[in-house]
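Chemist: My request is simple: use the sequences and hints to build the entire structure.
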Amino acid sequence: MSKIVEGLLYSGSHEWVMVEGETAVIGITDFAQKSMGNIVYVDMPDEDDEVTKDEEFGAVESVKAASDLYSPVSGTVAARNEALEDEPGLLNSDPYANWIIKVKMSDPSETASLMDAAGYGEFLDKQA
Amino acid sequence: MGFAYFPHTGEDIRAMLERIGLGSMDGLYADVPADMLFNGEFEIPDAMSEMEVRRRFKELSSMNTQLVVFCGSGAYDHYSPSVIKSVISRSEFLTSYTPYQAEVSQGTLRYIFEFQTMMAGLTGMDCSNASMYDGPTSAAEAVMMAVNCTKKKRRILLSGTLLPQVLKVVATYCHYHGITLTEIPPKDGVSDMETMEKELSSGDVAGVLLPGINRFGIIEDMTGLADAVHASKALLAVYSDPSSLAVIRTPGEWGADIVCGDAQTLGIPLNFGGPYLGFLCCRQDYVRRMPGRIVGETSDADGRRCHVLTLQAREQHIRREKATSNICSNQSLMALYATVYLSLMGPQGLKRVNDLCYGGAHYLHSGLLGTGLFTEAFDKPFLKEFVLKSKIPVEQLQKTLLDAGIFGALSCGGDLVSFCVTENRTKEEIDRLVSAVSCRHGDCRRGIDGN
Amino acid sequence: MKYYDKLIFELSEEGRIGFSLPDNPWADSSDRIPAGLRRSVPPELPQVSEPDVVRHYVNLSAMNFGVDTGFYPLGSCTMKYNPKIDEEMSEYPGFSGIHPLQPAETVQGTLRIYHELAGWLSSLTGMSAFTLNPFAGAHGELTGLMIMRAFHISRGDLKRTKVIVPDSAHGTNPASAAVCGLEVVQVRSTAEGLVDTDDLKSKLDDTVAGIMMTNPNTLGLFEKEIRQICDAVHEAGGLLYYDGANMNALLGKVRPGDMGFDIMHLNLHKTFSTPHGGGGPGSGPVGVTQRLKHLLPSPSVVKSPETGRFAIADNPEAAGRISGFMGNFGVLMKAYAYILMLGKQNVRKVGPYSVLAANYIKESLKDKYRLPIPSLCKHEFVFDGLIEANAGDPAREVTTLDVAKRLLDYGFHAPTIYFPLLFHQSIMIEPTETESKETLDAFIQAMRTIASEAVTEPDLLKNAPRNTPVRRPDETGAATRPKLVYRQDKP
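Going down the list, the protein sequences come from chains L, D and P.
Its first residue numbered 1, the first sequence is counted upward by one per residue in this note's numbering.
Its first residue numbered 129, the second sequence is counted upward by one per residue in this note's numbering.
Its first residue numbered 580, the third sequence is counted upward by one per residue in this note's numbering.
No lab work stands behind these hints, which were simulated from the structure alone.
A portion of the hints provided could be inaccurate.
Claimed, not checked - Here are the simulated lysine-lysine pairs, DSSO-like style, with alpha carbons at most 27 Å apart: (1) L:K53 with D:K279; (2) D:K281 with P:K741; (3) D:K280 with P:K780; (4) L:K34 with P:K741; (5) D:K279 with L:K102; (6) P:K585 with D:K213; (7) L:K104 with D:K279; (8) D:K450 with P:K923; (9) L:K64 with D:K213; (10) P:K738 with D:K281; (11) D:K186 with P:K923; (12) D:K280 with L:K53; (13) D:K527 with P:K882.
Unchecked claim - Some but not every residue of chain L turned toward chain P, in silico, with C-beta under 7 Å: (14) N38; (15) V40; (16) V63.
Unchecked claim - Here are a few chain L residues that sit away from chain P, every Cβ distance over 10 Å (derived from the structure): (17) K34; (18) Y41; (19) E61; (20) R80; (21) A97; (22) E122.
Yeah, the Cβ is synthetic: ideal placement off N, Cα and C, and Gly gets one too.
Modeler: This is how it looks when you write it as structure tokens:
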């Protein structure tokens, strides 16, 4: 069973979002890290890059797979988690404690389309 | 009649068909519509014995004329030491596949790791891939990589001093891939840095590609270029001859980000243009956007040092249409050629090769000027290849050389002709070239001494 | 095979040399190059003697497995025997010293090889003309797609920017399409493992440039409805591209041109027995039908109908130029020699014998390995892992990777694994026509033994291989902190 954290929002492409005012903190879910296996590299955008909802903003790579990351919101990259450059495996050890980017949202209402923890749980059940 | 490569006896076939549950070989194609089976006669020769094949090659070989090569232009007649042939014919190297199964491919993986180290060292870059098809395709990959690294920009500046075949191949790839090219015509035999810097200021340029030694043989002076390129957030890519990098300033020293080119100059025979050895090197920052195979070092389950294909998430079998390139092989055996060559040469040998080329080329250069039949075209520093203005019509000049058993004076447009001298050329051959020209078109005595 | 530890750099000692070159007789040396254009410090290349070099690389070769070492059942790779006469002929005196820009008159023997080989490949495949310039299969695909796009563009039909690719296709197909600026549209497979023609038809419209297919497909199955597919694609204005990776199954028996394909590539390093060389050089000639001939890339060899002499020409309407010169000539010579040896008699048996071998292995192992598609296969087939894999018991569960690694212990190369992506535990097996029944029987026996071990002693599989020069590498470590060059530890 994949871990789901209450209080976060979720996308269908397995990113989680924590809303802090106008900032969205974005990471990948436990389900996503499990299906990837050992993560060896996280391709992240630079600070000040623009991201658009439902469009690619980076990728996570394992030895035998690569998975694109889709932004759950639109806005400007305010920060990237530099710790992942040296230790991408942090996403395996605790995907919810280790965010990937923080985005200053241009339209906070976009989060309305995301799922809550219960909704994401059902979504995963349906996929299984 | 049997055939040497097919081990099947009649009894084998019968037993195998029985296991499959078929009565005859035809049953193996029962799933193919009958009208699609080919029943005609193939227009290929009757089967030959080895002796007949040998005779055929002897006959074909006699239709070629062996010439003394004084031409470069992307294919160079360097010496290939005997050790190379001995090593590359080891069938454990020759008949192996891409080293996916690292446990039984350490031989291939180890030499590719050595190759990568040597190429990075020669070019002054941090890393290298496992090699590419040839120089021009490596240039096309370098250009696509620059676009990939800079994300949204899709315009590339190309120096018109690149070899014509490099310009054409890059243009073909870019046409289909959707990259805008701006070719900047040469100025006085070298890249026009002023125009390049002007183009860069528009801010939409992803990368600049120019040669280290250009199509006229001139060593390009790139002072200040890298700063201008980086200031406009573009990448600098340099097309290089790795043999020359033992002595000329490296792309790394010039501040380049990507280096591509052909390593045919490292012991690989002319062979009518292939197989050669494209290569691609880059700075650490860009390695995950580099196309092609890459070998890395790691350890095995017992902690022993070993090597593996790595960073595969860039590649087509994982990324499919999002891969950094469609390339899924390398010129592995040719990389072995170059690795063995560089191991034998070492820093001193490769320096000696360049000294011999430089000395011979400059001897020919002054010899030809001494005939009074040529004039300087650009008067700029060169290594093994140079261009002169010919007072003799180019076709006549080429004919004169051919009659003397020499291939040289390649046309570079108008009255410009190029010559190339490698360590394989002797003083006698150079003197023969000069006197052939002077005796046919000028004063015989002026030619023989060279000047 | 035995483990040997050294890198060439670790044999290096200051002052040793391995070269034999004349002293510089010239007045000048490269030291005369202006200082600003000179390298500041010599490159860090090894300094080793000639015997050291030879022994080092021979020791490295002893850690490698090749076709000459043993059976290589690598699916979609056609690891057939590489005849020795081909190697020798590719080094025949009078060819290797030829410069690619030499006048055609001085290279008539070389150009004849191009002309004849292209003609033979055309006859063997049912196409009208071939270019021998592409360097590899993937390069051939790209060249073929360029021709496809050039065809539509030359007719002013600019909206055809999509290419259809089956979900079972080799990963290179979509990658080549992307490099060529085409958008990939995926078409489903049916439960029988064939292209879903209804799904295909629903995706055909006037934005489709064409379709890329391999037949037999990557499951080793012949696409029986190929003619209907061709008709539908042609009717919609598209072209059909044949990925020749699996041509060995059909060589001498069925021709892509007769199936209705417009463009195709061959892998000479698969079907025509040139050695893989540890990853290359290969050769990927591209063939086309009559109406696309004018689009083949430049330069090409043309024969004068009057004099019978050969010339090198640039084609004004060509889709472009994709190589510095004219491909991997050395590889072409090997394929040329191979076809001479085969001749029109033996070529007819290549496909049938390879298909015979594949079906024999399949039928001999299907009680131990899961066979998702039980029908007659062509030159290769796919198992979806072991039938008894101890699933659900993490300590004992064995995977396809474990089976593959255990095979190495038994002296066989591993099959292609985890491809095609249609199954989770794919094991893709391709024998060729050059393997004897005894070899196939020994492989079958090893696979059966492994199936038994999986149940009785799964650790043997999970810890395999043990009898190889090195054991399983830490690939995660390699990709997380890449070490891509040797760095000497300096004091």
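Chemist: The structure should be examined with respect to each hint, and the outcome stated for every one.
Modeler: Verification of the supplied hints:
1. L:K53 with D:K279: Holds, because 18 Å separates the two Cα atoms, which is no more than 27 Å.
2. D:K281 with P:K741: It holds: about 23 Å lies between the C-alpha atoms, which stays within 27 Å.
3. D:K280 with P:K780: violated (35 Å)
4. L:K34 with P:K741: violated (34 Å)
5. D:K279 with L:K102: holds (20 Å)
6. P:K585 with D:K213: The hint holds at about 22 Å.
7. L:K104 with D:K279: holds (21 Å)
8. D:K450 with P:K923: violated (42 Å)
9. L:K64 with D:K213: Between L:K64 and D:K213 the Cα gap is close to 36 Å, so the pair fails against 27 Å, i.e. violated.
10. P:K738 with D:K281: Answer holds: P:K738 to D:K281 is near 24 Å, not above 27 Å.
11. D:K186 with P:K923: holds (22 Å)
12. D:K280 with L:K53: holds (18 Å)
13. D:K527 with P:K882: This hinted pair holds, its Cα atoms lying about 23 Å apart.
14. N38: holds (4 Å)
15. V40: holds (4 Å)
16. V63: It holds, given that the least Cβ distance between L:V63 and chain P is near 5 Å, below 7 Å.
17. K34: holds (14 Å)
18. Y41: Contrary to the label, L:Y41 does not stay out of reach of chain P, its closest Cβ about 7 Å off (not over 10 Å).
19. E61: Non-interface label on L:E61 violated, nearest chain P Cβ at 7 Å vs cutoff 10 Å.
20. R80: holds (18 Å)
21. A97: holds (19 Å)
22. E122: holds (25 Å)
In terms of the numbered hints stated before, the structure departs from hints 3, 4, 8, 9, 18, 19, listed from lowest to highest.
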